[in-house]
Amino acid sequence: MNQEPPETTTPGQERNPTMVSVKDVSKTYAGAGATEALRNVSIEVREGEFLVILGPSGAGKSTLMRCINRLVEPTSGSIIVDGREVTSRRRELRAVRRQVGMVFQQFNLVKRLSVLMNVLSGRLAYHTLWRSLIYSFNKEDKRIAIECLARVNMEHKTFQRADTLSGGEQQRVAIARALAQQPKVILADEPVASLDPKIARQVLTYLKQIAGELGITVLCNLHQVEYAREYAERVVGLSRGAVVFDGPSGKLTDDILQQIYYRDSEAGDDDDV
Amino acid sequence: MTMTFERDVAATLQMEAAHRQRRFAKGLGWGGLTVAVLWFTADQIGMNPLALIKGADHMWDFLTRMFPPDLSYIFFLGRATVETVQIAVWGTLLAVVFSIPLSLLAARNTTPLVMLPWFTETWQRLSLHLLVFHLTRLLLNMLRGINELIFALIFVSAVGLGPFAGVLAIALHATGMLAKFCGEEIEGVDQGQIEAVQATGASKMQVILFAVIPQVIPAFISYSIFRFDVSIRSATVLGLVGAGGLGFSLIKTMKLFKYYETATCILVIFLLVAGADWICSKWRAKVI
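Protein chains in written order, with this note's numbering: chain A, 89 to 361; chain B, 5 to 292.
No lab work stands behind these hints: they were computed from the structure.
Careful: at least some of the hints might be erroneous.
[Said to hold, decoys possible] In silico DSSO-like pairs for lysine-lysine, Cα to Cα no more than 30 Å straight-line:
1. A:272 - B:259
2. A:245 - B:208
3. A:339 - A:111
4. A:230 - B:208
[As the list claims (entries may be wrong)] Where chain A lies over chain B, by a calculated footprint (3+ residues, C-beta under 8 Å):
5. 194-204
6. 210-224
Every residue gets a Cβ at the ideal spot worked out from N, C-alpha and C, and that includes glycine.
Based on the sequences and whatever the hints tell you, model everything.
Written out as structure tokens, the structure reads:
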């Protein structure tokens with residue numbers, strides 16, 4: 089694969105310090121027909137950057153994200169978040185995870201809890217078990233949670249149960265939950281794949297605002313090129329577990345897209361493009 | 005193109021016919037074997053419809069001695085009826101309390117893993133890191149496998165005749181049932197919700213509190229109510245071995261050949277069980 093030289097993107101962010109640094113990370117899923125999900129992936133992401141990781145289904149986008157907060161254990165390589173190496177030692181890992189919010193394709197709200205309780209669960213890592221045992225949070229936590237809900241215009245649904253919301257609303261609450269962690273990084277794993285285009289744009293706009301206004305680094309997995317072109321400042325193209333492009337979204341040429349989506353080898357695989 | 009296409013369809017059709025014939029032959033074989041085994045079994049355990057017909061007049065005799073029931077005896081059964089319900093309430097309540105921690109230990113995704121620094125891989129292959137899980141399951145299987153009446157016999161000799169032995173018997177058996185059921189429910193929870201709370205940096209216990217328990221609580225409550233219903237039924241017979249409740253009145257009147265009163269006991273048991281069933285089904289419908 090011809091690798092584009094890593095290029096930093098918009099002016100102004102060039103001088104920002106590195107927030108997430110992925111070095112030579114590989115992941116092979118064990119088991120029958122062991123699959124190589126990631127092959128020597130290296131990326132540097134700066135503070136406050138809005139980065140889109142683009143690639144077809146099965147390219148390893150999700151695995152890469154899960155390696156960053158260790159929901160998946162990489163086979164080799166190292167990841168540094170905000171100057172701290174991500175390890176699997178529980179206490180240190182929890183400290184890293186507290187700084188890294190995550191947003192999922194399936195929203196993953198705890199359906200039977202209220203919207204407020206879901207957002208408050210973003211505060212759990214700040215508390216000891218004894219407090220959580222009685223499902224109690226202090227006033228400051230509640231203020232933070234409601235503020236985060238207001239940021240995604242969901243404060244009017246504070247007391248509703250999560251499973252009564254529509255998909256787009258659930259994803260906004262999920263963003264609020266990630267924000268309630270007061271994170272330095274947000275990982276959004278295909279956050280709009282199960283939403284219609286109008287709602288999808290709304291959600292992406294919120295995510296982009298967050299990066300801009302709060303200075304949170306946002307890594308966003310997408311498989312749709314048009315959204316990447318519309319929202320990304322910088323795009324990392326992932327194909328079959330390897331980085332095949334790293335540069336500003338303006339430089340996403342047809343040639344490069346062909347490489348990402350390997351249209352030449354597998355016909356009929358390009359409906360998303 | 006069309007030629008090969010038609011040939012392919014014909015070949016698959018032929019395969020389907022062969023497949024069907026094989027299945028039929030197999031079904032015939034297993035069916036025949038099942039019938040043979042059942043016939044042999046019926047013979048072994050002396051299932052004989054003639055005996056039932058011949059014994060009909062004995063049964064009739066027994067029934068006529070019970071009829072008409074002595075309804076005035078109901079007034080003496082009040083205390084025993086209340087006691088039956090009390091045994092069921094406390095037995096189930098204790099089972100609910102015991103089964104909360106036990107069900108967490110009895111689910112693969114919440115049980116504490118035993119990780120020793122040596123031979124980790126061998127340990128994992130033998131799934132010995134699930135030691136706590138396996139031991140808990142073993143305990144629950146023992147609790148479930150032993151009938152309440154047997155537990156009651158043991159506890160009567162331990163704490164003496166009376167309802168407390170019944171409470172303990174029901175509590176142990178129901179704990180086995182509830183914790184196993186709830187453990188399986190915990191294993192079936194949505195992994196996505198767990199991952200989301202994990203990703204916030206929550207500890208293992210916090211994940212259980214905020215992602216696991218909310219998911220299993222409706223099933224747990226519903227099953228606890230069902231268990232209460234079953235416990236009432238069990239509590240009506242525990243008295244047969246001296247562990248309190250209506251069963252004790254039943255066996256007492258029978259031993260004294262007061263069959264009119266026995267009939268009243270059976271009537272009250274029937275009403276109690278039917279009432280509990282009705283109330284519990286309403287209650288469960290409300291929870292779900």
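**OP:** State whether the coverage of the region 194-204 of chain B by chain A holds or is violated, taking the criterion as 3 or more residues with Cβ-Cβ distances under 8 Å.
**Re:** holds (count 9)
Subject >> Per-stretch coverage check for the region 210-224 of chain B, three Cβ contacts closer than 8 Å to chain A >> reply: Our answer is that it holds, as 8 residues pass the Cβ test (under 8 Å) against chain A, meeting three.
Original post:
Are residue 245 of chain A and residue 208 of chain B close enough, with their CA atoms no more than 30 Å apart?
Top reply: 29 Å, holds
Subject >> Hint consistency between residue 339 of chain A and residue 111 of chain A [alpha-carbon to alpha-carbon, up to 30 Å] >> reply: 24 Å, holds
Original post:
Under the criterion that the straight-line Cα-Cα distance not exceed 30 Å, is the pair residue 272 of chain A, residue 259 of chain B satisfied?
Top reply: Between residue 272 of chain A and residue 259 of chain B the Cα gap is close to 78 Å, so the pair fails against 30 Å, i.e. violated.
Original post:
Holds or violated: are the alpha carbons of residue 230 of chain A and residue 208 of chain B at most 30 Å from each other?
Top reply: Since the Cα atoms of residue 230 of chain A and residue 208 of chain B sit roughly 23 Å apart, the hinted pair holds (cutoff 30 Å).
Against the hints set out earlier in the document, a violation occurs for number 1 only.
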